[in-house]
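Novice: Read off the chains here:
2 protein chains.
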Amino acid sequence: MVDLSRLFNPQAIAVIGASRNPNKVGSAIVKNLRLSFRGQIIPINPFTNEIQGLKAYKSVLNYKDKIDIAVISIPANKVLKSLKECEKKRIPFAIIISAGFKEIGKEGQEREDEIKAFLKHAKIRVIGPNCLGIINTSPLFNATFIDPNAKILAGKTALISQSGALLSAIVDDAVTNNIGFSKVISIGNATDLDEADMIDALSEDENTKAIAIYLEGLTNGKKFIEAASRAIKKKPIILLKGGRSEASSEAVSSHTGSLAGNYKAYELAFSKIGAIIVDNIDDLFNFMRDAQDLRINSDEVVIVTNAGGGGVITSDHIHEKGLKLAEIDEKTKEELSKILPLEANIKNPIDMVGDASPDRYKDTLNLLVKLGKPMIVIFSPQEMSMPIETAEVIYDIHTQNPGVPILPVFLGGARVEKARKFFLEKGMPSYDYPNEAVDIIKGLYNYSKKASLTFNTYKKVKVPSIKISSGENLFGIKAKQIFDRLGIFTTNGVGFKQESEIRKAVEKVGFPCVLKISSKEVAHKNKVEGVITGIKNENELREAITRMNTSMKANEIKDFSYEIYEDVSKYGRDYVELLIGAHRDPVFGPMIGIGLGGIYADEIELTQFALSPISDQEIEEIKASKIGKILSLAAKEPVEEKTIDYLIMLDKLMNKNPEIKDIDLNPVFLFRDRAIAGDFKIFLR
Amino acid sequence: MVDLSRLFNPQAIAVIGASRNPNKVGSAIVKNLRLSFRGQIIPINPFTNEIQGLKAYKSVLNYKDKIDIAVISIPANKVLKSLKECEKKRIPFAIIISAGFKEIGKEGQEREDEIKAFLKHAKIRVIGPNCLGIINTSPLFNATFIDPNAKILAGKTALISQSGALLSAIVDDAVTNNIGFSKVISIGNATDLDEADMIDALSEDENTKAIAIYLEGLTNGKKFIEAASRAIKKKPIILLKGGRSEASSEAVSSHTGSLAGNYKAYELAFSKIGAIIVDNIDDLFNFMRDAQDLRINSDEVVIVTNAGGGGVITSDHIHEKGLKLAEIDEKTKEELSKILPLEANIKNPIDMVGDASPDRYKDTLNLLVKLGKPMIVIFSPQEMSMPIETAEVIYDIHTQNPGVPILPVFLGGARVEKARKFFLEKGMPSYDYPNEAVDIIKGLYNYSKKASLTFNTYKKVKVPSIKISSGENLFGIKAKQIFDRLGIFTTNGVGFKQESEIRKAVEKVGFPCVLKISSKEVAHKNKVEGVITGIKNENELREAITRMNTSMKANEIKDFSYEIYEDVSKYGRDYVELLIGAHRDPVFGPMIGIGLGGIYADEIELTQFALSPISDQEIEEIKASKIGKILSLAAKEPVEEKTIDYLIMLDKLMNKNPEIKDIDLNPVFLFRDRAIAGDFKIFLR
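Residue numbers (the working numbering), protein chains in the order written: chain V, 1 to 685; chain Z, 1 to 685.
The shape of chain V in the complex, shown without the other chains (with noise of 0.2 angstroms):
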């Protein structure tokens, strides 16, 4: 783990390209630093000996004492040279704020590569560069240039996003909803310190409760999942990430020039990870507002509301995100029944009827706080209603009850303003909406019980270690020859280059057969006749073979032999075709995957991925999943296990040979007896 501490506590700090000129951005770093900073800054410009009253330095060198950091903001041809006398000066951090790098295309692409290469061996750590730098509130320092008007309140969740424009958004919006930050990170490209490293930090900050991240895509993705992991033990990850269609992805490359990947990959490592996903800003916001405290230990949610209908659409919400509605014991009905009118409903979600005073809603929540469970509050403004006593009611008893995670939803515009603004000043969430309450919950719900597993690597299968040699892709027999090697049952089958070898082929796999080609010139086996189905007898197979060979001559196919493979229909008819295999993504590694093959294949998509190592837990997961649950109808349970553990080998497999590319086995029959690859192929990068 990188030392970060004098970059998040820094006593001296200079701007290199501080200027005068109000309307640049060195102009604003300094300005927002003399505002928030109470160390040393030390503008740096070679064309002025003063900057809104600070003396200036023509050189870092120049200056005398410690410098922590180096904020740098000049064109980005002179950044290289100036981090050469940031090292020689022995400053410890830069954040590089000037845009022409990588972002830009070739050209920008050559200039970062030189300062990357610089500093491989250099003993200075870089932010950026293409950032608008960091902001921490405590101790409280703003090395950016946002808009020195916006203010930026103090809190315990950590911002960290790659793209620079979203976080001046975000950190704007975040003011009018009361939320706080404990530290704000703009990562730029990245270049030298990256979201892993900065998560790290994080992790160890006791001023940090809750990390939330705007990401467009990730160089090292181990490094990544490994810092999350570790971090996820102590404080939830909230995760938004851009470019996650095809399109989008083309978008972000021309944007920030990050290597968007493969979403899928993406989501597999978050949830790995156990992340909390959010798919847009609005979602972000709420995260980062509560992630902070609440912590939710429970699925099951206890509604409490003054409206019918606004515990109806509240339930809908809970069960479509996969909550539960809590039991109400018979006593707490019963206790209910006493306090509450003939007209209420005592059952979860409670109704205590439109005409529910401020004391009615205090003595259902006191009686329904000793449940324990997430509790959603609802308040609907009708005739009698006092909505501002009501939430007084509920602050107290959320106060005096601190375990109890109580999420009041105020439904209304003016009549409830004033209620809404409450909870706002006291800090304590509330909602306009009740989907917003039941997605928190849902959300913390999901992290806390993802935080409290153990996630061990998958151990229980041994899986021999093969080394492929092969310098070329691997098909058939070649291929078989490896699965056969790790464990996994592929048909019978024997490759053979003469007609005089028939025989002793025919002994090794019997009939019924399938006689297919095998050629580097063949891609596509259907379309030059290279596989024929169906064979029984040995004269069947000689005259296959004789039609193939005419086939080949056909088509100008000189380099060629046979293979036949035993016809699976001999054992049974009822199978179910899967299809199992590997990728090797280039962010985050192997995927290994099983799905539903055959006619299903692209219809139903019911892939289910595995990020390698797999863990334990993805197998509980796979195994819970549709597919999962396919392999348990369609097979015994010893096949069943067997079929999983075949992902075990694939990813071993995987990780033995970094030149495999992809592997496919497509399809696998899954009987009730046994599952065989019918078909078997290795790519090479």
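Warning: the hint list may mix true and false statements.
Copies of the same chain look alike in the list, so a pair counts if it works inside one copy or between any two.
When the alpha-carbon atoms are kept at most 25 angstroms apart in a straight line, the in silico SDA-like pairs for lysine to any residue are as follows [unchecked claim]:
id: 1; residue 1: Lys426; residue 2: Val369
id: 2; residue 1: Lys520; residue 2: Asn657
id: 3; residue 1: Lys462; residue 2: Ile622
id: 4; residue 1: Lys570; residue 2: Phe511
id: 5; residue 1: Lys123; residue 2: Glu110
id: 6; residue 1: Lys536; residue 2: Gly598
id: 7; residue 1: Lys426; residue 2: Gln400
id: 8; residue 1: Lys151; residue 2: Asp355
id: 9; residue 1: Lys321; residue 2: Ile277
id: 10; residue 1: Lys527; residue 2: Glu637
id: 11; residue 1: Lys324; residue 2: Asn262
id: 12; residue 1: Lys626; residue 2: Asn262
id: 13; residue 1: Lys333; residue 2: Gly108
Keep in mind that the hints were calculated from the coordinates and are not lab data.
The structure displayed is predicted, hence computed values, not measured ones.
Fit chain Z to the given chain V structure using the hints.
Specialist: Chain Z only, in chain V's frame:
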């Protein structure tokens, strides 16, 4: 269609139960009318001569002139008597505010039934009971007991709600969001005039441009579909259904006493109508505001932004909602590159980069409006940006190009507050987050598409009209006979009672065959060894019969006969197991469904339903669905068509025989060259 002109344009309104006590509902109604209504207000109260300065009468019968509406707010047990007086006075409409009817259980239900019985032959039509009343904004009158201090804005959306409490919350919130209403209707228990009657009237109302409905349950689904289908040709209908999950349906019935029913059927109905379905109050709001004016006729969206991250996220939402990014033609790109800086992205999403001035917005938008596509314009506050000036530019272009939908998204908080207010005051929809704008485009695009379609009952298939005379459920051969006549292929089979009939049976069916028991005493054949498969010759069949006889004896089953069926394996081993069936929904009538069967049925919910009468459009939707694609992959075209025809056949059978509750064809074996039902059941009510 009921003529509601005197309900919506009254000259004189009586308030039965008008009160001098300001805490009473009957006082609030009079006050609301006084503040809004220009016609005659006639308070009815036997104990006073004057209420709020108006002359009060002992009964409507004591008032000389014509009365259009009686608003009734008296104890439930006195309502019927009062209603009778109203009829005597020839008042055409009553709004029964009073609660205490079916929503409170048995006693209330009886009371409501009495009113219903009276109304059957009476000349008065009723809204309610158990409602808040109605509001019209043109001509203005407020006949509700909503807090008289609450403001209500005039506008072009009509709101119908089954929940009074939600209605007041929505109306309150609407003011804050500058959403105006043409009419607000609290429908209550809808014992007489219902949602369908209101939709019919609103459909003709020139002041209403969109209809929003909060619905918990319906009693007459067919009437609702017909009214809504007519209305949708003229204006969008936005539907929020409460009670979507089973547990919520329970909450609904304890709350309004309405029949919440199976949400699946509601979903089908809403989709058949072409309604915009929302699932939370937040979305309901956005559509209530935007559906008044905005029309979206293309699913290709242009995104313009000054922040790369904003463009990326918006483009994610676009793809996740099934919309497309519009292609920017070469000529436009060329012109864009002339007016935008070098770093800008001229591909969609168009990134004008962070320093985009109002002028750059203006030039870019003026160029892009020519494409005529819906356009999301994102503004993210950055150092140089000018929110309010940019908002003005966008508004000007919007007014100059009324045909082009422009949806501004201003990200941020304090820095964009004024710009957001500017849009609000100008009545131009703007959005805080990109996903809101995308949802609106998606919903209104779907509406336009559906509204322009002509729905025809699917007529292509000639289906014989079969009337079932059986008084009991039909299984096995008895059911097979019905399907044979209908034109659905079933496995060849025959029933017999005596072993002596074996030879004749075998002649008809052949080998291999399956032996099945047929008995009313057997619910699950497999449990009593009632199915024996793989019978290859007559000897095996005789043995099987002996085995079955033994098992029947052991299970004490006395009244039974045998059935033998051909074994479908003789048609090949490549087939897909489907299930095809029909179910009669209590609210909407027959739903016909087709799905994946066998072991997949429960794990992969791939069943596609259509509501009777099945339209061309629904058939197209089934064909385009996943199960439809599987059909086309697994079977040749005529077989695929024939299988779809089976749905039409079931539709007809269900309609001809209202006593049928359910039909199961499970499995249907879909081979490449035939689709054969392997088991068949008809359940009567």
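Novice: Between Lys426 and Val369, at a C-alpha cutoff of 25 angstroms, which is it: within one copy, between copies, both, or neither?
Specialist: within (20 angstroms within a copy, 46 angstroms between copies)
Novice: Within, between, both or neither: how does the pair Lys324, Asn262 come out at a Cα-Cα threshold of 25 angstroms?
Specialist: between (33 angstroms within a copy, 19 angstroms between copies)
Novice: Between the shortest in-copy and the shortest cross-copy C-alpha distance, which are at most 25 angstroms for Lys536 and Gly598: within, between, both, or neither?
Specialist: Intra 24 angstroms, inter 30 angstroms, cutoff 25 angstroms: intra-copy only.
Novice: Checking an output row: Lys462 and Ile622, CA cutoff 25 angstroms. Within, between, both or neither?
Specialist: Classified as within: same-chain Cα gap 20 angstroms, cross-chain 47 angstroms, threshold 25 angstroms.
Novice: Quick one: Lys123 to Glu110, C-alpha cut-off 25 angstroms, is that within a copy, between copies, both, or neither?
Specialist: The answer is within: 21 angstroms in one copy meets 25 angstroms, while 86 angstroms across copies does not.
Novice: Are the CA atoms of Lys570 and Phe511 at most 25 angstroms apart within a copy, between copies, both, or neither?
Specialist: both (9 angstroms within a copy, 21 angstroms between copies)
Novice: Have a look at Lys527 and Glu637 and pick one of within, between, both or neither, based on CA distance no larger than 25 angstroms.
Specialist: Answer is between: at 23 angstroms across copies they meet the 25 angstroms cutoff, but 39 angstroms inside does not.
Novice: Quick one: Lys321 to Ile277, C-alpha cut-off 25 angstroms, is that within a copy, between copies, both, or neither?
Specialist: both (14 angstroms within a copy, 18 angstroms between copies)
Novice: My question is about Lys426 and Gln400: at a cut-off of 25 angstroms on alpha-carbon distance, are they close within one copy, between copies, both, or neither?
Specialist: within (14 angstroms within a copy, 46 angstroms between copies)
Novice: With identical chains treated as interchangeable, where does the CA-CA distance between Lys520 and Asn657 reach 25 angstroms or less: within a copy, between copies, both, or neither?
Specialist: within (22 angstroms within a copy, 63 angstroms between copies)
Novice: I want to check one pair: Lys626 and Asn262. Are their C-alpha atoms no more than 25 angstroms apart within a copy, between two copies, both, or neither?
Specialist: Result: close both inside a copy and across copies, 23 angstroms intra and 24 angstroms inter.
Novice: Classify it for me, Lys333 with Gly108: is the Cα-Cα distance of at most 25 angstroms met within a copy, between copies, both or neither?
Specialist: Result: close only across copies, 24 angstroms inter versus 68 angstroms intra.
Checked against the numbered hints above, the structure violates none of them.
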